[in-house]
Amino acid sequence: MGVQQNVAQIPVDLGSAQPRAVAFAPVSDFLREYIVVGLFGALAFGLVAAFIGLASIFRPDRPTADKVENYESGVDPVGSGWSQSQIRYYIFALLFVMFDVEAVFIFPWAARLEDLGVFGLVEMVIFIFILALGLAYAWRKGVLRWV
Amino acid sequence: MSGTFVTLVAAEIERPSIDWHAIAPELILLGGGALVTVIDLIWLERVRKLIPTLTSLVFLVALIPVITLWADGSGLPRGLWIIDENVPATGVWEGAFVVDNYSLVLKGLFLLSAYVIVLLSTNYMSEGDYYDSEYYQLIAASVLGMLVMSSSRDLISIFVALELVSIPAYLMAAWRKRDLKSNEAGLKYMLMGVFASAILLYGMSLLYGIAGSTLLSDIAAAIDIGESRPVITLGIVFTIIGFGFKVSAVPFHTWAPDTYEGAPTPLTAFLAVASKAAGFVALINVVIVALPTQANVVEPFIWVLAAITMTVGNLIALRQTNLVRMLAYSGVAQAGYMLAPLAVYDGISDRATSAVVTYLVIYAAMNLGAFAVVIIAARKTRSAELSSYGGMFNYAPGLTLAMTIFLFSLAGIPPVGGWWAKFEVFRVLTEGNRTSGIALAVIAAVNSVIAAFYYLNIAKQMWFLPSPDGDNSRIAIPPALLAAVGLTVAATIVSGVLPGVVSDMTDFVNVAAGQ
Chain A
1 MGVQQNVAQI PVDLGSAQPR AVAFAPVSDF LREYIVVGLF GALAFGLVAA
51 FIGLASIFRP DRPTADKVEN YESGVDPVGS GWSQSQIRYY IFALLFVMFD
101 VEAVFIFPWA ARLEDLGVFG LVEMVIFIFI LALGLAYAWR KGVLRWV
Chain B
1 MSGTFVTLVA AEIERPSIDW HAIAPELILL GGGALVTVID LIWLERVRKL
51 IPTLTSLVFL VALIPVITLW ADGSGLPRGL WIIDENVPAT GVWEGAFVVD
101 NYSLVLKGLF LLSAYVIVLL STNYMSEGDY YDSEYYQLIA ASVLGMLVMS
151 SSRDLISIFV ALELVSIPAY LMAAWRKRDL KSNEAGLKYM LMGVFASAIL
201 LYGMSLLYGI AGSTLLSDIA AAIDIGESRP VITLGIVFTI IGFGFKVSAV
251 PFHTWAPDTY EGAPTPLTAF LAVASKAAGF VALINVVIVA LPTQANVVEP
301 FIWVLAAITM TVGNLIALRQ TNLVRMLAYS GVAQAGYMLA PLAVYDGISD
351 RATSAVVTYL VIYAAMNLGA FAVVIIAARK TRSAELSSYG GMFNYAPGLT
401 LAMTIFLFSL AGIPPVGGWW AKFEVFRVLT EGNRTSGIAL AVIAAVNSVI
451 AAFYYLNIAK QMWFLPSPDG DNSRIAIPPA LLAAVGLTVA ATIVSGVLPG
501 VVSDMTDFVN VAAGQ
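Protein chains in written order, with the working numbering: chain A, 1 to 147; chain B, 1 to 515.
I should point out that these hints are in silico values taken from the structure, not numbers from a laboratory. Treat the hints with caution; some may be incorrect.
Some chain A residues judged to face chain B by a derived CB distance under 7 Å, without partners named [what the hints assert, rightly or not]: (1) Glu33; (2) Val36; (3) Arg140.
Quantities reported herein were computed from a predicted structural model and do not represent experimental measurements. Quick reminder that beta carbons are idealized off the backbone N, C-alpha and C, glycines included.
The shape of chain B in the complex, shown without the other chains:
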């Protein structure tokens, strides 16, 4: 064994010259996360109150290089390992880690979502007698995985990033450790997540076996043989199933409702938005970069997944009486809409990618907002049951208005954000007049109508029905939660009224492959 190893590495090591600017967001997050841990270790209880602020500062500081890269990169992909320094931005890199406009948008999305999640968590964690400094360190670790994921163009870095996203999330799902439901949430999420990882690894090993390389662009070249073969199909199917668990696509969604209900609510928001987005990013990277020539295999499979996911998600959501579970199933259904563009990506992979990322950005704003309102309301009602939202207009009119905006957006009603996300999906689906695309568009349209029923039903509870216990005293909203609602309301409205703001950012040339 050791003999083999030595021959493997016997070639002279070429020390890469590192593009520090390109990896600055990840480095800041890593260093900042470590710093927060050290501060926590030195002063323990004395700095407990400061940890959430420090963590959110780390997220904001990490956002600075993302913005400067966006400003000076002029859309050109940069690699981590630039072998030839004379051709810096355009040319040669080893391809496992690529920074381009696509990954920068996603990094911005992940960092801002994480910032809002910290705002949502601050009061919840400090009032609940939990280990709170560890919670924020785990969030930082998980977000680091997401940043790496946006730039990964290699099976190994994708897998490592996916595990870095997931493992802290398994721990955090069981954070309310004296509550059996939270234990169940963590255990179910971990078991299903590990199961998904195993399937994913199996699929990846088949793809690697065919290509002899873990680089996505090498795999794309190796399987471009003009026809499909069983072993390639097997590899693709297993890989997509693995990601299907992470994005909670039906029939791999079974963990989602129980985990969402049992986990701490801020963490549920984190899972429903950031963690799901990370799964989609991995799926896009693999499908668009590694499988551009395998559309005849990938498209029908994702088509079926998308159609079942949106239909089953919406139908089950209709019958939920617990708002968090309803949002969980609504999240499953929304994942179906997000999958839809990937069912027709052949020839328009850039447009399909833009549509998915646009959806992810707008979905993050509206869904984080909805969870923020759930968290605020639970501070008064101590429950997430749908009936407990009755009469909210009487005691919290502003909050009711905000929730209505989020619900309209989730249902896709103009002028708030969600309609633009859906519009982009429909535009991609109907582009090219393909029967499969139009059929999926019809299914998505029918589903939007079904979804409108249960979204508007929540609004009805809040506006028209009396409060169940007759208690109409006002809610005191802590500043952090108020800021979270304000940010998400603004983002939801702006993305709907001025869709150009989002679509200018998500209008990429393409997902840059490594070489």
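Isolated chain A, as found in the complex:
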């Protein structure tokens, strides 16, 4: 919600930025626009560089074998980068996403069921049919079996 409000304010900021154009008068309009784009990019890189650079100045630097290891959620990085995990979980996560999306669309539709009427009902049946096709696919191809 907060993000949307910021976006809505942009035109207001534009108006107030107007007088500043005078300061850039000798540069052509076109160049001025792209200078802003360049500044924008430079700012993005500059911020990251500043954060990492400042940190490297102030922090003590005493590397040990443990410290330079890759950090992943506190789990010891043992073995090679190729580790296997159960494909079953992946498939169930994927199916969960399907029903999650379904719910996201069904709730608002249900809230306005009477106003949307038959038109809304037909639309929703089409939507659910396409999702159900996905489930039927998973079922028929045997991925729902917990092998």
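We have chain A; now place chain B onto it with these hints.
Coordinates of chain B only, in the frame set by chain A:
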């Protein structure tokens, strides 16, 4: 949150009366794709051989309403949501989805390309022990996104269409799943594609923030303030960069060669032709409909992109020894030529659009043909290395002739198709005697000469050099691949000898905006 939502939708819903004829191609493709899935689910292995045929039939059936719309539409744009039924074809529509001559040509192009891609895929997929019915369903989904893209005149529908084009393509790029290169292809393509989508969304959000509407025509009206402003420029630059990834413009092309090399070759043809065309369509829709007044911002940016894209693409292509990688870089360079008309669209946006679409149509024919020959040759040589094409004239003279036609066309040598595509681009560039246009035309001309070297080098291998292993037994060409080569050869020659056939179709009034 829910309170806000209810007030948003509290206004009485106006049920749109839907112009079923206008959306028939999309509906047929959606229904047909679902039908193919259901048939696959019911009979599984028993219908496996039928799935490619069924899918290509769906594409051809979807082509019927495109043709009838073309025949009766007399060039007038139609909308999906016709609010006032008394003014059907000319007037009022809500503008997110517009069917006009421009979108019909592109829909025809996408459906025919998809048909040829299925012809190219049939043997490759059935002989390679892949999941083949899913592959065809994904192609249908991706093509559905392309059809929607041709009609989209709204940021949201453009974005949804672009994702519908891309996501199945990410999956298909990694289709040879036991091959590390194919894994790399899919992963790289997905990561770069997602990255591009994020940049694109950022640019779109800035444009939306300024206009307060996602409709391209509303955006055009909102930013027509007689001057440019930094935030508008930022929005435009990010949006164009997002599309730049999709059309593999330098410096956003880095995914293309690896993805093209690793992906199944028919899918590479699909990416190089149809998927790239979809990116161009999105770019044209946004630039021509939403940014007609921002030429001072858009033109220099696209000018630089076009110049770098054709130069870098051609120079790197010179050094390639793998034909698929060479075609990938040649595709990058060709994208530069296609971008060029958009670098001078101010005041002649209709002509610039025609030039790009003409190029897309002819490029589809010649490039699909070239990939068809690569696929056929790989059935014998098991390799796409340039040296393995030596001596092909001895064992496959017809195929060599076909490939030579495609290469001449790609190089832009009359009388085959490619020259007309390039001619249209040059004509737009030099129209109006603008320095920027003429400079870009000179760069494009120099690049055409560079490109001729590596295209003709392939022809030299095939005609004059001996085959590397001395094996001159003939190639057996399966009927599907033969049909694909025949169709593309015919299209390439006809578009060059009778350019009117293509230019009559692509001579639009303009890209119709929604209102």
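Checking against the hints above, which ones are violated? The structure breaks none of the hints.
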